[in-house]
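Undergrad: Below are the chains, spelled out letter by letter.
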Amino acid sequence: MTAVIHASNLTKVFGNSTAVDHISFDVRQGEIFGFLGPNGAGKTTTTRMLTGVIPLDAGTATILGHDIHSEPVLAKQGFGVVPETSNAYTDLTAWQNLMLMGELYGLERTRAEHRSSELLGMVGLLERKDQKVQEYSKGMKQRLILAMALIHEPELLFLDEPTSGLDVQSTQMILSLLRDLNRQGTTIFLTTHNMEEANRLCHRVGIIRGGKMVAIDAPEKLKTAIDRVHKIEVSFDREVSGDALAGLTGVTGANRTGDKWQITTQNKDATIRSLVTFGQQNGAAIVTLNTLAPSLDEAFLRLTQEDKP
Amino acid sequence: MNPAGFFEQVRRAWAIAKKDIRIYYFKGPVLIFGVFMPVFLFLAFFMGSRQLPLSFLISGLVGMTLFFTATAVSPAIFPWEGSAKTLERLASCPITIEAIVLGDMIASILFGIGITVVTVIIGLLLGLSLLHGITLLAAIFLAACCFSAIGMLLAVPPTNVPSNIMMLSSLIKFPLVFISGIFIPLEQMPAWGLALSVCSPLTYFTDLVRYAFTDAHYFPVMIDIAALAVFTVVFTVGTMYLHKRTMPRRM
Ligand SMILES: Nc1ncnc2c1ncn2[C@@H]1O[C@H](COP(=O)(O)OP(=O)(O)OP(=O)(O)O)[C@@H](O)[C@H]1O
Ligand SMILES: [Mg+2]
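Top line first, the protein sequences correspond to chains A and B. When we follow the numbering used here, the leftmost residue of the first sequence carries the number 117, and every step to the right adds one. When we follow the numbering used here, the leftmost residue of the second sequence carries the number -13, and every step to the right adds one.
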């Protein structure tokens, strides 16, 4: 798989604090890459460096095969950006904003018009296209900005907290749009604070803390990686002995909670197999069986709080 | 299409200019500094000095009008866009900083030319005779480019507060008007005043306008044009270079 974003030793220093400290990562073609981290971790700074808004203090970034420093125009031609702070021209209408974007990306007028109607329809703003952006609500502005980022059908899309402060409907609309775009082949670099969003949407996530990358992996792997010990919840249709459960292969402990047993184990697979056999041998039917995975929230907290100074 | 090619970038600069025209021509400070100020400054002077001929005064008015209008739009655009965060949008678009500066200059040039042409037409209606029309048009065009580059230079300090830049530019623009042969003919200037005058591009433009209306001029016409052209090139290249350097500090 080819890297659409190749960042190597990306660094940004503000005064005497290092906002982004030699981070390196690749984003592969066709994936949704989630970029997570606590407030002030350096997510926006990284995104701004990758999109050519601020210069790098060290390192290199290659976007779609073009170095962002030496070939900024060619790199920028291939991606779209939804920045952290909303920034359509409020004195212009939605339509005029889209036309301006079309011209800045060098589209033919007819193609720009066609794309604009299509995109405005997609984000539900077609009837209000001739209204000044000043009069838009936050959610409407954000949807317009997404449309502006997509005018030239970019291969790569950067989004910096696109859903922060939006209601459920606007959020869902944006997320399902992102999913559709990705299905059609667009690579997505998504900064977010919403773990649920990252968990459901992203193929891989990178976690940044204090300007350093602390983990990059698929959400499921991150979750399991942080906890060597897994929990399994099981209940039977009749009483079973706790000692018998605790003695099964793979099981390290069994605690009773209400009508269920919470089993701790280091080997989920072996434990589930022995639980099934145990039920058969004792004539006890399994009523529920849940594996309790740590949430991405927990993984995130663990990774971003560990040995904090 | 090569997005980074010269002609493509010029096309994108024109998109920037159209946007500026839509948004910034009608902002209060642009109208106040660009239109009302020179008119009232001139009226005040006109009332006070009856001994100078009308043709001399109108030449001065044309000079002043172009100078104020062509420097009214350009200085404020960067601070405005910086504070509205739309500059960040432009910075992530496939357009060079040079092209953004060029676009802002085009908007500024057209504003200057438009209002100055109206002033000239009013002068003609008042019975003024135009002796060298082509020279006047060439001078207006060249000087509009030069003054809008000066306007962009004034916006180089990376502040995102438009009123700061407006203040700074008034501080520089008013003294220039007084040393440029608008109120005091160059012939009547003391030697030190003349030494200052030759440093001001406005001097050469006013001299050309006087030539166009009265046939009288202080410097040879070709010197006036060459001086304006040199100033234009130097200021344009300079402002593009400086904006490229200060742009990251606006983000
Ligand atoms: N223009 C700037 N000048 C000085 N310091 C800055 C600037 N921009 C960011 N910083 C600092 O860099 C660090 C990283 O900021 P950044 O905005 O990248 O964080 P973030 O991860 O996007 O946070 P959030 O989740 O709050 O958006 C912070 O300590 C911030 O104070
Ligand atoms: Mg941020």
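In case anyone wonders, no lab produced these hints; they're calculated from the structure. Quick caveat: nothing in here was measured; it's all calculated off a predicted structure. Cβ coordinates follow ideal geometry from the N, Cα and C atoms, glycine included. Wrong hints could be hidden among the right ones.
To be verified - Just the calculated beta-carbon pair ranges, DEER-fashion:
no., chain 1, residue 1, chain 2, residue 2, range
1, B, GLY179, A, GLN250, 22 to 30 Å
2, B, LEU154, A, HIS230, 42 to 50 Å
3, A, HIS319, B, ALA215, 39 to 47 Å
4, A, THR201, B, GLY14, 22 to 30 Å
5, B, MET237, A, MET238, 56 to 64 Å
6, B, VAL21, A, SER124, 52 to 60 Å
7, B, GLY179, A, THR176, 51 to 59 Å
8, B, MET237, A, GLU251, 52 to 60 Å
9, A, GLN250, B, ALA215, 52 to 60 Å
10, A, THR176, B, LEU180, 53 to 61 Å
11, B, PRO171, A, THR201, 48 to 56 Å
12, A, HIS230, B, VAL220, 56 to 64 Å
13, A, SER124, B, ARG8, 35 to 43 Å
14, A, GLN145, B, VAL220, 41 to 49 Å
Stated by the list, open to error - Here chain A is said to cover these stretches of chain B; the calculated rule only asks that three of the stretch's residues, wherever they fall, bring their Cβ under 8 Å from a Cβ of chain A:
no., segment
15, 15 to 22
16, 75 to 86
17, 206 to 213
Claimed, not checked - Dumping the calculated DSS-like pairs for lysine-lysine here, alpha-carbon to alpha-carbon at most 30 Å:
no., chain 1, residue 1, chain 2, residue 2
18, A, LYS339, B, LYS4
19, A, LYS257, B, LYS13
20, B, LYS13, A, LYS254
21, A, LYS257, A, LYS245
22, B, LYS13, A, LYS248
23, B, LYS4, A, LYS257
24, A, LYS328, B, LYS4
25, B, LYS71, A, LYS384
26, A, LYS339, A, LYS328
27, B, LYS13, A, LYS328
28, A, LYS376, A, LYS339
29, B, LYS4, A, LYS337
30, B, LYS71, A, LYS254
31, B, LYS71, A, LYS337
32, A, LYS245, B, LYS230
33, A, LYS347, B, LYS230
Undergrad: Work down the list of hints and note, for each, if the structure agrees.
TA: Here's how the hints hold up against the structure:
About 49 Å separates the C-beta atoms of GLY179/B and GLN250/A, a value inconsistent with the hinted range of 22 to 30 Å. A hinted range of 42 to 50 Å for the beta carbons of LEU154/B and HIS230/A is consistent with their spacing of about 45 Å. In this structure, HIS319/A and ALA215/B break the distance hint of 39 to 47 Å, their C-beta atoms being roughly 58 Å apart. Checked against the hint of 22 to 30 Å, the C-beta distance between THR201/A and GLY14/B comes to roughly 25 Å, which is consistent with it.
In this structure the supplied range 56 to 64 Å is violated for MET237/B paired with MET238/A, their Cβ-Cβ distance being about 30 Å. A hinted range of 52 to 60 Å holds for the C-beta pair VAL21/B and SER124/A, which are about 53 Å apart. About 55 Å separates the C-beta atoms of GLY179/B and THR176/A, a value consistent with the hinted range of 51 to 59 Å. Roughly 27 Å separates the CB atoms of MET237/B and GLU251/A, a value that falls outside the hinted 52 to 60 Å.
Taking the beta carbon of each, GLN250/A and ALA215/B are about 42 Å apart, not inside 52 to 60 Å as hinted. Checked against the hint of 53 to 61 Å, the pair THR176/A and LEU180/B passes, with Cβ atoms roughly 55 Å apart. A hinted range of 48 to 56 Å holds for the C-beta pair PRO171/B and THR201/A, which are about 53 Å apart. Hint check: HIS230/A to VAL220/B, Cβ distance near 44 Å, so the stated range 56 to 64 Å is violated.
At roughly 42 Å, the beta-carbon separation of SER124/A and ARG8/B lies within the given 35 to 43 Å, and the hint holds. About 47 Å separates the C-beta atoms of GLN145/A and VAL220/B, a value consistent with the hinted range of 41 to 49 Å. Counting residues of the segment 15 to 22 of chain B whose C-beta lies closer than 8 Å to any C-beta of chain A gives 0; at least three are required, and the coverage claim is violated. Counting residues of the segment 75 to 86 of chain B whose CB falls under 8 Å from any CB of chain A gives 8; the rule of at least 3 is met.
Three residues within the 8 Å Cβ limit are the bar, and the segment 206 to 213 of chain B against chain A gives 0, so the coverage statement is violated. Our distance criterion of 30 Å between C-alpha atoms is broken by LYS339/A and LYS4/B, whose separation comes to about 51 Å. About 23 Å separates the Cα atoms of LYS257/A and LYS13/B, which keeps this hinted pair within 30 Å; it holds. Between the alpha carbons of LYS13/B and LYS254/A the distance comes to roughly 24 Å, so the proposed pair stays at or under 30 Å and holds.
At roughly 12 Å between alpha-carbon atoms, LYS257/A and LYS245/A fall within 30 Å of each other, so this suggested pair holds. This hinted pair checks out: LYS13/B and LYS248/A have alpha carbons roughly 16 Å apart, not beyond 30 Å. A hinted pair counts as satisfied when its Cα atoms are at most 30 Å apart, and LYS4/B with LYS257/A qualifies at roughly 22 Å. Between LYS328/A and LYS4/B the CA atoms are separated by roughly 43 Å; this puts the pair beyond 30 Å, and the hint is violated.
Only pairs whose Cα atoms come within 30 Å are accepted, and LYS71/B paired with LYS384/A is rejected, the gap being roughly 51 Å. Note on LYS339/A and LYS328/A: the hinted pairing holds, with a Cα-Cα distance of about 19 Å set against a maximum of 30 Å. With a C-alpha separation of about 44 Å, the suggested pair LYS13/B and LYS328/A falls outside the 30 Å cut-off, and the hint is violated. Restraint check for LYS376/A and LYS339/A: the C-alpha separation of about 24 Å stays at or below 30 Å, so the hint holds.
Taking the CA atoms of LYS4/B and LYS337/A, the gap is near 51 Å; set against the 30 Å cutoff, the hint is violated. A hinted pair counts as satisfied when its Cα atoms are at most 30 Å apart, and LYS71/B with LYS254/A qualifies at roughly 15 Å. For the given pair, LYS71/B sits about 38 Å from LYS337/A by alpha-carbon distance, which is inconsistent with the 30 Å threshold. In summary, the hint linking LYS245/A to LYS230/B is not supported, as the alpha carbons are separated by about 34 Å, beyond the 30 Å threshold.
As the CA atoms of LYS347/A and LYS230/B are separated by approximately 57 Å, the hinted pair breaks the 30 Å bound.
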